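Numbering (the UniProt record's numbering), first residue to last: 1 to 346.
What the hints contain is simulated information worked out from the structure, not anything from laboratory work.
Computed from a predicted model, the values in this text were never measured in an experiment.
From the three backbone atoms N, C-alpha and C, an ideal C-beta is built for every residue, glycine too.
A few of these clues could be false.
[As the list claims (entries may be wrong)] Label pairs and their computed distance ranges (CB to CB): (1) 31 - 331: 39 to 45 Å; (2) 111 - 180: 14 to 20 Å; (3) 32 - 259: 43 to 49 Å; (4) 324 - 233: 35 to 41 Å; (5) 31 - 168: 50 to 56 Å; (6) 207 - 54: 36 to 42 Å; (7) 148 - 31: 31 to 37 Å; (8) 314 - 62: 37 to 43 Å; (9) 168 - 328: 34 to 40 Å; (10) 179 - 320: 36 to 42 Å; (11) 339 - 163: 45 to 51 Å; (12) 111 - 32: 34 to 40 Å; (13) 62 - 168: 42 to 48 Å; (14) 234 - 311: 45 to 51 Å.
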Amino acid sequence: MSNSSHQTGQVSGTATSPTTSPTGAGPARSQRTRRLNEIGLLAAIALLYIVLGSTASGFLSVDNQLGLLREAATIGIAAWGVTLVIIAGEIDISIGPAVAFSSVLVAKGVGAWGLGTWGGILATLAMGIAWGALAGWLVARFTVPSFIATLGLWSVLGGLGLYMTDALPVALPDNATFRMLGGSILGIPTSAVVMLVLFAIFAYVARYTAYGRSVYATGGNVAAARLAGIDTGRIKVILFATTGLLAAITGVLLAARLGSGNGGAASGLEFDVIAAVVIGGTLLSGGRGSLVGTLLGVAFITVIANGLVLLGVDSFFQNVVRGVIIVGAVLVNVAISKRDRAVRQV
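Kindly generate the complete structure, drawing on both the sequences and the hints.
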């Protein structure tokens, strides 16, 4: 027991060491930067609501706000896991095809494979964990760059989803379970309820558990984390298994909402997820980030996308706007990273 407590103490110290200066100013600056980023995002979202509320017809309607929650859930559920992956210094770009393939798996499992409703759902979630863990194992065991490992997964899952369905939707049975998953709870979309519950869990894990501190330590300084007794390989396997599970959950909810599994669904979702995480202030170099920032990033991305649609902006130009936002967020992220490195060297 004493050894475990000693290790936890080491992990906590390592997690904060990348931003610690002799005067203790490093953590304070990091906290101020995070708060400023979150306040800036809140102000930007408020400004978007004012502008779109006065220019986009129907933006403030109840139906549109509920639609915003559904769209936010599609991005947010996966974003919680990707936030921790990026904090650990890795990246996962397989989210879009993973969600689409999960929607196909649950539809096939319930229908053609005769697993039943819950059998199909549980099998889909288990498969999500499996392919995520495989990607994490490749990264941890063979030091395959996570971009390459998840790029391979992106291609495999995307191809399988289309091959298994001949690029056609696979209908889900109309039953109470899928009506509930695709519907609402007390007027709130079920997917949004799931998103918020998972947010609370992930925020707690990231902030208050030894595992969460180990994730930060791994991204901040992997060599120091290993010296502190952290099994960084196991951390990475768990992280990618978690993103696989979250993608599968999103796929099940998306299939329930659409009434079918579709290998072509969720196209480009990975870019929205990564953009939300980066806009939320998580450093691409690892070691720093917050779930609250990601939540605000998800809201920001969702509101902009919805506003562009309501304003009648051409769908192709919407991709241009999204690309500009992503590049801008990365530039800010890089600038913050450089400033933090300069502070640590003082």
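Now the hints, each set against the structure:
1. 31 - 331: 39 to 45 Å: Because 22 Å falls outside the window, the suggested range is violated.
2. 111 - 180: 14 to 20 Å: Since residue 111 and residue 180 have Cβ atoms about 18 Å apart, the given range 14 to 20 Å holds.
3. 32 - 259: 43 to 49 Å: Once the Cβ atoms are compared, 48 Å apart, the range 43 to 49 Å for residue 259 and residue 32 holds.
4. 324 - 233: 35 to 41 Å: holds, 37 Å
5. 31 - 168: 50 to 56 Å: holds, 51 Å
6. 207 - 54: 36 to 42 Å: holds, 38 Å
7. 148 - 31: 31 to 37 Å: Because 34 Å falls inside the window, the suggested range holds.
8. 314 - 62: 37 to 43 Å: Since residue 314 and residue 62 have Cβ atoms about 27 Å apart, the given range 37 to 43 Å is violated.
9. 168 - 328: 34 to 40 Å: holds, 38 Å
10. 179 - 320: 36 to 42 Å: The hinted range 36 to 42 Å holds for residue 179 and residue 320, with Cβ atoms some 38 Å apart.
11. 339 - 163: 45 to 51 Å: holds, 47 Å
12. 111 - 32: 34 to 40 Å: violated, 54 Å
13. 62 - 168: 42 to 48 Å: Once the Cβ atoms are compared, 34 Å apart, the range 42 to 48 Å for residue 168 and residue 62 is violated.
14. 234 - 311: 45 to 51 Å: Given a distance of about 47 Å, which is inside 45 to 51 Å, the answer is holds.
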